[in-house]
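One letter stands for each residue in the lines below.
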Amino acid sequence: MKKSRKQRNIVKFRLVVFASLAGLLILFSLFSDKLCPMDPYLQDLSNAKAAPSFVHPLGTDRYGRDMLSRIIVGSKTSIFSTLLLVTFISVFGSMIGLICGWFENTIDVILMRIADMFLAFPGLVFALAVAAVLGGGLQNAIIALAAISWPKYARLARSQTLTQKKATYIKAARLAGDSDWKLIVRHILPNIMGPILVTAVLDIGTMMMELAGLSFLGLGAKPPIAEWGSMMSETRNLLTTQPWVTLSPGIAIFISVVIFNLFGEAVRDWLDPKNGRS
Amino acid sequence: MQKKKMMAVLIGICLALGTLSGCGKTQKEASDGKKTLVIGDVSFNSANEEADINPHNTYAGWACIRYGIGETLVKYSDDMEIEPWLAKAWENVDPLTWKITLQDNVKFSSGRDMDAEAVKECLEHLLAVHDRAAADTKIASMEADGQVLTIKTSEPKPALLNYLGDPYACIIDVKAGFDNGIVSGTGPYIAVDLKTDDYLKLVKNDNYWNGDPKIDEITIKSITDGNTLAKALQADEVQAAYGMAYESYPLFEGDDYQFSRISTSRCFFAKMNFDENSVCADPAVRKAIAMGIDKESFVDTLLEGNGYVANGVFPDQTAFGGDKVTTESYDPKGAKKVLEDAGWVDTDGDGIREKDGKKLVVKWLTYPTRQELPLLAEAAQASLKEIGIEVDINNTLDVNEVVQDASAWDVYAMANVQAPTGDPEYWFRVFALSDSAKNQGKYSNAQLDALDEQLSQEFDTAKRADLAVQMQQILLDDNAFVFCSFLKMSMISRSNVSNYTSHACDYYQITADLDIE
Numbered sequence: 001m002k003k004s005r006k007q008r009n010i011v012k013f014r015l016v017v018f019a020s021l022a023g024l025l026i027l028f029s030l031f032s033d034k035l036c037p038m039d040p041y042l043q044d045l046s047n048a049k050a051a052p053s054f055v056h057p058l059g060t061d062r063y064g065r066d067m068l069s070r071i072i073v074g075s076k077t078s079i080f081s082t083l084l085l086v087t088f089i090s091v092f093g094s095m096i097g098l099i100c101g102w103f104e105n106t107i108d109v110i111l112m113r114i115a116d117m118f119l120a121f122p123g124l125v126f127a128l129a130v131a132a133v134l135g136g137g138l139q140n141a142i143i144a145l146a147a148i149s150w151p152k153y154a155r156l157a158r159s160q161t162l163t164q165k166k167a168t169y170i171k172a173a174r175l176a177g178d179s180d181w182k183l184i185v186r187h188i189l190p191n192i193m194g195p196i197l198v199t200a201v202l203d204i205g206t207m208m209m210e211l212a213g214l215s216f217l218g219l220g221a222k223p224p225i226a227e228w229g230s231m232m233s234e235t236r237n238l239l240t241t242q243p244w245v246t247l248s249p250g251i252a253i254f255i256s257v258v259i260f261n262l263f264g265e266a267v268r269d270w271l272d273p274k275n276g277r278s
Numbered sequence: 001m002q003k004k005k006m007m008a009v010l011i012g013i014c015l016a017l018g019t020l021s022g023c024g025k026t027q028k029e030a031s032d033g034k035k036t037l038v039i040g041d042v043s044f045n046s047a048n049e050e051a052d053i054n055p056h057n058t059y060a061g062w063a064c065i066r067y068g069i070g071e072t073l074v075k076y077s078d079d080m081e082i083e084p085w086l087a088k089a090w091e092n093v094d095p096l097t098w099k100i101t102l103q104d105n106v107k108f109s110s111g112r113d114m115d116a117e118a119v120k121e122c123l124e125h126l127l128a129v130h131d132r133a134a135a136d137t138k139i140a141s142m143e144a145d146g147q148v149l150t151i152k153t154s155e156p157k158p159a160l161l162n163y164l165g166d167p168y169a170c171i172i173d174v175k176a177g178f179d180n181g182i183v184s185g186t187g188p189y190i191a192v193d194l195k196t197d198d199y200l201k202l203v204k205n206d207n208y209w210n211g212d213p214k215i216d217e218i219t220i221k222s223i224t225d226g227n228t229l230a231k232a233l234q235a236d237e238v239q240a241a242y243g244m245a246y247e248s249y250p251l252f253e254g255d256d257y258q259f260s261r262i263s264t265s266r267c268f269f270a271k272m273n274f275d276e277n278s279v280c281a282d283p284a285v286r287k288a289i290a291m292g293i294d295k296e297s298f299v300d301t302l303l304e305g306n307g308y309v310a311n312g313v314f315p316d317q318t319a320f321g322g323d324k325v326t327t328e329s330y331d332p333k334g335a336k337k338v339l340e341d342a343g344w345v346d347t348d349g350d351g352i353r354e355k356d357g358k359k360l361v362v363k364w365l366t367y368p369t370r371q372e373l374p375l376l377a378e379a380a381q382a383s384l385k386e387i388g389i390e391v392d393i394n395n396t397l398d399v400n401e402v403v404q405d406a407s408a409w410d411v412y413a414m415a416n417v418q419a420p421t422g423d424p425e426y427w428f429r430v431f432a433l434s435d436s437a438k439n440q441g442k443y444s445n446a447q448l449d450a451l452d453e454q455l456s457q458e459f460d461t462a463k464r465a466d467l468a469v470q471m472q473q474i475l476l477d478d479n480a481f482v483f484c485s486f487l488k489m490s491m492i493s494r495s496n497v498s499n500y501t502s503h504a505c506d507y508y509q510i511t512a513d514l515d516i517e
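Chains as they are written, first to last, in the UniProt record's numbering: chain H, 1 to 278; chain B, 1 to 517.
I should point out that these hints are in silico values taken from the structure, not numbers from a laboratory.
Warning: the hint list may mix true and false statements.
To be verified - In silico lysine to aspartate or glutamate, EDC-like type, Cα no more than 20 Å apart, as pairs: (1) Lys138(B) - Glu453(B); (2) Lys222(H) - Asp513(B); (3) Lys222(H) - Asp225(B); (4) Lys385(B) - Asp272(H); (5) Lys385(B) - Asp269(H); (6) Lys34(H) - Asp350(B); (7) Lys214(B) - Glu458(B); (8) Lys49(H) - Asp300(B); (9) Lys333(B) - Asp272(H); (10) Lys336(B) - Glu354(B); (11) Lys222(H) - Glu390(B); (12) Lys442(B) - Asp466(B); (13) Lys88(B) - Asp104(B); (14) Lys201(B) - Asp513(B); (15) Lys363(B) - Asp323(B); (16) Lys222(H) - Glu386(B); (17) Lys175(B) - Asp113(B); (18) Lys222(H) - Asp300(B); (19) Lys107(B) - Asp513(B); (20) Lys358(B) - Asp275(B); (21) Lys358(B) - Asp331(B); (22) Lys287(B) - Asp346(B); (23) Lys488(B) - Glu304(B); (24) Lys231(B) - Asp206(B); (25) Lys88(B) - Glu49(B); (26) Lys12(H) - Asp178(H); (27) Lys324(B) - Glu296(B); (28) Lys201(B) - Glu217(B); (29) Lys49(H) - Asp398(B); (30) Lys49(H) - Glu304(B); (31) Lys49(H) - Glu253(B).
Input sequences plus hints: build the corresponding full structure.
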């Protein structure tokens, strides 16, 4: 059942709003260095744990660093590492899935069993183990999360490829003499992109949380790098006495995750065949 | 449709009930009239080398003595003077011979009488298995005769009794065994159950020789996270807490809680790695680090005044500490000059100096169980960056493993009680001599080793103090260590707990006098 014109307009409106918000957030984090009112790494112990004021709208942490500046500069670390991670796992996972689905041979069996193995581990626990073996640091946290997150895309791309492969238009294209390469790039890839894109956008929020989680546990960003998860972890002892120091990076994570999740949902609704797009 | 709704409501109710069932009281109420007390402790854990309460196992003796399980032959007063405890008298017959007379009527919790034979067996076992005791005490032989123990040392050992007051010398019945790390001591409480890094359960010793323990059951909970400890004390899950983060102190400044505060010889200090591949092998780098750490701000802000700036190894209260030695003071400008003169220059403009193509990056190793250590690391990271040194912090519970690998660290910042025996020799013996057990940075100074030889044979306390001052000055001139601050210690308890008192040497936490209303 197709949606009415009014419903379609709402979907479009939501897409525009949330895409703009997500775009703004990314743009904001891209220029965060320039937007900081103060040096986010400058310690001023004589002004430690100051309450929110005109000079420090979100107060200062226990080293006297301006919290607002740290949150602004932390957006770059948190958002860009998440985007990097999601781009990598979606591209890598989809490529594996595409290869498996198209060729359906021994390689498919081997790669899919490897993917099953990774899927069998509880996600964060496995990431913790990987991060612990590789040592702390943001880069290793990204590797750890990438290691457990790609199979989801591999499976999705594989099932989509299998469906498309059997479609009549592919048979027609093959009869017309298209090579495997051309079939994949010109016909399969554009047709399986939608679901992968939706999954990837919806994954941004989840990955941001997981990355912040690893940082919170001390396996992500190392001091003094401003990263929202590690900022919360460092200041958690102050939750009862100076709550603004712990809550402000938490709120930053919350807002970003909500924006990316709503954007993901808007993309999903927009790509929904019921939306009348063809 | 109606059915589906009903089902959904039913599932919802089931889930809610399931969740709520977890909210019940987990602690058993003391309905049988027994007095119970739970203490939360951040230091009782395997990462802190206190995996159990067997005093012959690394630093586990601290737990043994703190929790009133074991006692030593002598104990320390608040001025760190030696007082009788399980030994009621002693005599230094000649430089190599000590005659120690033991208390009568003392029994181990195993039921065995504590006589000279039992003490001899215990000390023999200690010397055979412990990593520091044999080198500290130099005991050559022992003779037991009733309640009199005669100890002969292989060389004059003026500080022998000080060492016998160290937690590792807790007198235990070795014949009773070491099952699961539990030992049989002579203290007011008996250990009955232990799970490393989790809990220790104690019951009162009805046959205690030196008073009547007031509490029937005590549980020590190992809580390494300061925030968890604060919440546990607020929620009455623990009624007393050891090692609370200073940041949480404001939560307990009401009538419901009480603090027991004392200045201790616990010191935050950084030791340097002298391995040839470490940047700290360069004397200029060590000097710059010593000049680049702002100790005063650390004490005032990050320790919130719960400490005082350290000069050398020992605190002011001792005859060999405080300002009797001199060291580098905070001087970023001077530090920059020291580095420049040594050829460390920032050539690529990134703010970090280089020399021979090598960046001046200091790998700073520390651990989180002393909650102020990571703060010191991050404060030092910022102040050293000012002078062109990048600090790469590794804050890990696995510190005892990492420190063994000389390539994994350049500076190791730690906390330690500097004069646990009230005598200066202990510290040098453990940390600073060429053959010291905890000299992982391989610092070696022949003059220091020679002075230690003298110290170990000197009976005159004034001369011992003088030697200790000279030895500290050597360390400080080499910048082999940077001593940042000494700690004021606070133990916090609910107001209905009495006699939960902190002590200058940080032992004797649980005594027969400890009580709860």
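Which earlier hints turn out false for this structure, listed by number in ascending order?
2, 4, 5, 7, 9, 12, 15, 18, 21, 24, 25, 26, 29
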